[in-house]
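Chains as they are written, first to last, in this note's numbering: chain A, 1 to 202; chain B, 1001 to 1218.
If you're looking for bench data, these hints aren't it; they were derived computationally from the structure.
The structure displayed is predicted, hence computed values, not measured ones.
Hints may contain errors.
To be verified - Straight-line alpha carbon distances no greater than 25 Å define the calculated BS3-like cross-link-like pairs of lysine-lysine that follow: (1) A/Lys190 - B/Lys1134; (2) B/Lys1179 - B/Lys1113; (3) A/Lys30 - B/Lys1179; (4) B/Lys1109 - A/Lys30; (5) A/Lys128 - A/Lys190.
Claimed, not checked - Derived list of chain A stretches under chain B, where covered just means 3 residues or more per stretch with a C-beta under 8 Å from a C-beta of chain B: (6) 1-12; (7) 19-33; (8) 51-62; (9) 94-102; (10) 105-117; (11) 174-182; (12) 186-194.
Note that beta-carbon positions come from the ideal geometry of N, C-alpha and C, so glycine has one too.
So the chains spell out like this:
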Amino acid sequence: MHISEGVLSAPVLISTGAAGAILTVFGFYKMQTEMLAKTALMSSLFFVGSFIHIPVGPASVHLVLNGLVGAVLGFCAFPAIMVALVLQALMFQFGGFTTLGTNILVMALPALAGYWLFRAGMKTSGTKRWIMFFLTGSMPVLLSAVLLSAVLAFSGSRLYDTAKAIFLMHVPVIIIEGVVSMYLFNFLNKVYPDFLRTEYEN
Amino acid sequence: MRFSPAAGIFCAAVYSCIIALRQHITPADAVFAAGVMLLRVNCLPQYFFRILKLNIMILFICATVYLFGDDAQHALLIFLRYNLIVCVTAAMFCGMNSSDFYYGFYTLKLPHKFTVLLFFVIKYIEIIGNEYEKMRNSLKVRNFAPKTDAFTYRTLAYLLGMLLVRSMGRAQALTQAMKMRGFSGRLYPFNFRPFFPADAVVAALLVFQFILTFGGLA
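So here's chain A without its partners, still in its complex pose:
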């Protein structure tokens, strides 16, 4: 899901970087001291999530977990995802300094969709709730894949096919993330419902 260094054009890098920076600063402003532990925990889960490989046929995919982060943190997903991306860039060279703002925008902005979908899901019950939990996981990944392809496509017509190929590569992740999230939210709702309450923020 990370955009590598050197791929995007300067106008796309600068505009998405500025947008990502502004939203992250706002996220830090919204993050109160009481939210620190939860934000840090979700950030570290987002970091660790990239090492949890899930089999899909002969290959495997790793979870993005931006829907989960967004559902739990709301706007605080921006600082949480930013810190995880900084560590991934420094420790493993996934992403990088110049693409940090773009990567934040691509992964954290759709996390807000996760927040709203999850709130809507908690007001429903039965099969509808399962569907909403599925969408909480899959919709942010779908939106991230769309944003990722869009920033690539805006970087020049030669990257149109790359954008299409990268979007198609994310289709299994979108489905798997939805299925895993559906079970995960149901589990958390039964075992630790307090964790999913957001009395501090938003």
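Given the coordinates of chain A, work out where chain B should sit on it, guided by the hints.
Then chain B, alone, in the frame of chain A:
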């Protein structure tokens, strides 16, 4: 030779910005990258294999640009820009751990909210990592073999859920312990990572690179 995390982060970030915005890569653009790799030649096997692994994805992007976008020059530009930046970051941060990065950002005087969150994230990654390892081992001893089926996805979702539940308990205990010691949203570290002679060399190299790139010498 070793670099201090603060100098490493600053120089790598500046060099990344210089290279990412370049429209033509010349041999002169590689001076800084070559210098850093030479200074870190003792870690060469470690970062060399990492760079090779990282190139798989960029080769895929370059191949699509070359084959479908029909632009060999742009494919080469992406490949060179990516590799110059990755060579610097991989060589520079090779052997550093996550707490080094915390001290690096603290030394660079980044906002407290960021450095405090980074500190907690580093601590929690350790907690979550250990919990994940334990739970994965317990799945292994129960002969769990992941497959492409609903049972595997449900098991992994429950594993993630339990990971969250257990880690949240430990994370809250850590936060409460820190609050009892007077934590109010700010940290005052006593240990700092020292500056090394290599930092001066790398700063001089960066200035030289800047002159080469923007001074019209290249």
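Quiz item: Do three or more residues from the stretch 19-33 of chain A put their C-beta atoms closer than 8 Å to C-beta atoms of chain B?
Solution: This one holds; 3 residues, not fewer than the three required, reach chain B with a Cβ under 8 Å.
Exercise. Assess, step by step, whether the Cα of A/Lys190 is no farther than 25 Å from the Cα of B/Lys1134, and give holds or violated.
Key: Holds, at about 23 Å.
Exercise. Would you mind confirming whether the straight-line C-alpha gap from A/Lys30 to B/Lys1179 stays at or under 25 Å?
Key: holds (21 Å)
Self-check item: Outcome, coverage of the stretch 51-62 of chain A by chain B - at least 3 residues whose beta-carbon is closer than 8 Å to one in that chain
Solution: holds (count 5)
Practice problem: Count the residues of the stretch 1-12 of chain A whose CB lies closer than 8 Å to any CB of chain B, then report whether that count reaches three. | Solution: holds (count 6)
Practice problem: Tell me if chain B covers the stretch 186-194 of chain A under the three-residue, 8 Å CB rule, please? | Solution: holds (count 4)
Quiz item: Going straight from one Cα to the other, do B/Lys1179 and B/Lys1113 come out at no more than 25 Å?
Solution: Holds, at roughly 16 Å.
Exercise. For the pair we were handed, B/Lys1109 and A/Lys30, check the Cα-Cα distance against 25 Å.
Key: Judged against 25 Å, a Cα distance of about 21 Å means the pair holds.
Quiz item: Would you say the stretch 94-102 of chain A counts as covered by chain B, given the rule of at least 3 residues with C-beta under 8 Å?
Solution: holds (count 4)
Quiz item: For the stretch 105-117 of chain A, do at least 3 residues have a Cβ located nearer than 8 Å to some Cβ of chain B?
Solution: Check failed, 0 qualifying residues.
Quiz item: A/Lys128 and A/Lys190: Cα distance at most 25 Å?
Solution: holds (17 Å)
Quiz prompt | chain B covers the stretch 174-182 of chain A, three or more CB atoms within 8 Å, holds or violated | solution = holds (count 5)
Comparing the model with each earlier hint shows a violation of hint 10 alone; every other hint is respected.
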